[in-house]
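There are 2 protein chains.
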Amino acid sequence: MSSAAPQASGSGKALPLAMTMGEPAGVGAEIALKAWASKSAPPFFLIDDANRLRKIIDDLCWGMSIKEIQAADETPGIFTKSLPVLHRPLNAEVIAGIPHPDNAASVINAIRTAVEFVQSGQASSVVTNPIHKKSLYDAGFKFPGHTEFLANLAEVDTPPVMMLASPELKVVPVTIHVSIADALASLKEDDIVTTAKITAQSLEDDFAISAPRLAVAGLNPHAGEGGGMGNEESAIIEPAIARLRQLGIDATGPWPPDTLFHEAARKTYDAVICMYHDQALIPIKTIDFDGAVNVTLGLPFVRTSPDHGTAFDIAGTGRASEKSLLAALNMAADMAARRNSQG
Amino acid sequence: MSSAAPQASGSGKALPLAMTMGEPAGVGAEIALKAWASKSAPPFFLIDDANRLRKIIDDLCWGMSIKEIQAADETPGIFTKSLPVLHRPLNAEVIAGIPHPDNAASVINAIRTAVEFVQSGQASSVVTNPIHKKSLYDAGFKFPGHTEFLANLAEVDTPPVMMLASPELKVVPVTIHVSIADALASLKEDDIVTTAKITAQSLEDDFAISAPRLAVAGLNPHAGEGGGMGNEESAIIEPAIARLRQLGIDATGPWPPDTLFHEAARKTYDAVICMYHDQALIPIKTIDFDGAVNVTLGLPFVRTSPDHGTAFDIAGTGRASEKSLLAALNMAADMAARRNSQG
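Chains as they are written, first to last, in the working numbering: chain A, 1 to 343; chain B, 344 to 686.
Chain A on its own, in the form it takes in the complex (with noise of 0.2 Å):
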């Protein structure tokens, strides 16, 4: 994986990380600025309006502060009074819960800001908040989530994996956001293949992980119990763990997948190849609900976001947990530093 950000290296300092706004009406905001008041994320700039930030804070009654720069190397001088803000007005007014379809381009442009600026060298990765897809769609948004509109901008040409990781568990699914019926439908051996290289290159590169070990869970119960409950684990698994093996990645399995994740188990590897999605994310967010980060790996810069929407239940009230983003934010400045580090 090549690291295609220029990275203020030798200097000491490290490139603040682009914040985007997210889906307006739900809990973005709200959380980006918990996390700065938290004092322990590492410098970043929100892209947001910043009228309606100074609202929020307002109508909570925060005593936060915030401060609108025009340039991303502004923000460390001023992370530790206040929060960075690149200025982009939004066009409605924003209703906490109810995604305005005026608002879905500002949204959509904070993204590509947040890229343009780690394009250039200005910022050291993206930490995304979450998006409404709907709104998105309904204003022509022709990419089915953040993931592929950053390949997309990224102009990379093999599908970006997403993994979920917290302090104890890495989990990338090989298919992601498709029912049951089409997860089995549409496992593949060479996706399995492809998303394990990724998976593997990106703990050599991003989480300093010399020589990964990749446990493969099988698809069945029991991963199939030799045949008796399934044959996807002798089809496509075994031989898609074969050629990982002759590529010289340590990838093991297919292991059962419900004896996988328990605390003993955890220690023998270092991230998992999951068939579908629960079965990556009902043990992760099992294990640390708020914690979790969703990392896109196979980009030529680093990305991550909360593992969670825009929770539009409760926005506007305070109350989110700004954990998953603040996990987020120190994982993707970690990460960032370790490309730097290589480069």
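Treat the hints as calculated values from the structure; they're not laboratory data.
Incorrect hints may appear among the rest.
[Stated by the list, open to error] List of simulated lysine-lysine pairs, DSS-like, C-alpha gap at most 30 Å: (1) A:Lys323 with A:Lys134; (2) B:Lys666 with A:Lys267; (3) B:Lys610 with A:Lys267; (4) B:Lys531 with A:Lys188; (5) B:Lys666 with B:Lys477; (6) B:Lys610 with A:Lys323.
Given chain A, put chain B in place with the hints provided.
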């Protein structure tokens, strides 16, 4: 649910539990001895070959004492000093890790004997050690597993239900030991309703939960996200929940599976009705690998077992953990006491 097994009600003395040998080449005897030696098990007797138990104790240099009994009611007077053993000699010498076909009949008979003891009111419940299915099949055993054999012995006509229970979580899969493809093909509204009804009844009778709350999981990621990722939720699961609610059962859902098992979510229900094996088993084994107990619901007597297999790889070493068997013993004793107090 009828409480068929007579109990020593009013006597103030609980009946002993009957424990089967399970596959003798597995870890059953070792964990039974360790569970007894822990001094935290309720009084139980083991149906096994006393001579081979003495050999295990010698081989492992354990200081435990066993004592042969002729009748279950000898158990309470012996239990503090020795593990009571109902001697049932095996036909072939036991080699750890290698099942001998000549011993299969004894394995099956131990299960039958345990059931006879509860049916005749001499034991409070059945606790089974892990069996090795293939060895029994090869010997002509006609049942898929313990559960179906016990249902046959108990002469119940509805299929029994498997619950996995730990102090933190109870899960009940509607489809069990089938491939993911077969789980999809066989998932039926009626089976969800039947499973949930038996579960609700057991939570009342066996776990003393007066108005049990059942969370019903979706099948697909995000519970299908309104049909965008599968329609089993609207076609199968929602109608089942509606029927359960009409029956006065507090069933809710379908819930997104990945956000259903974390600590805060677990406080909102008493058990989760799951659509497939790993949806149930992944979270409970991730949370509590050693402590989960397999409970058979829908039988006229209490039956539990440890939630693990024969562990041939460590059989004979004494290293197998007795934790799950101990949890199974204590859960069975508690369940039997509750049924008894209602009878």
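Evaluated hints:
no. : hint                   : verdict
1   : A:Lys323 with A:Lys134 : holds, 25 Å
2   : B:Lys666 with A:Lys267 : holds, 21 Å
3   : B:Lys610 with A:Lys267 : holds, 29 Å
4   : B:Lys531 with A:Lys188 : holds, 28 Å
5   : B:Lys666 with B:Lys477 : holds, 25 Å
6   : B:Lys610 with A:Lys323 : holds, 21 Å
Every hint from the earlier list agrees with this structure, and none is contradicted.
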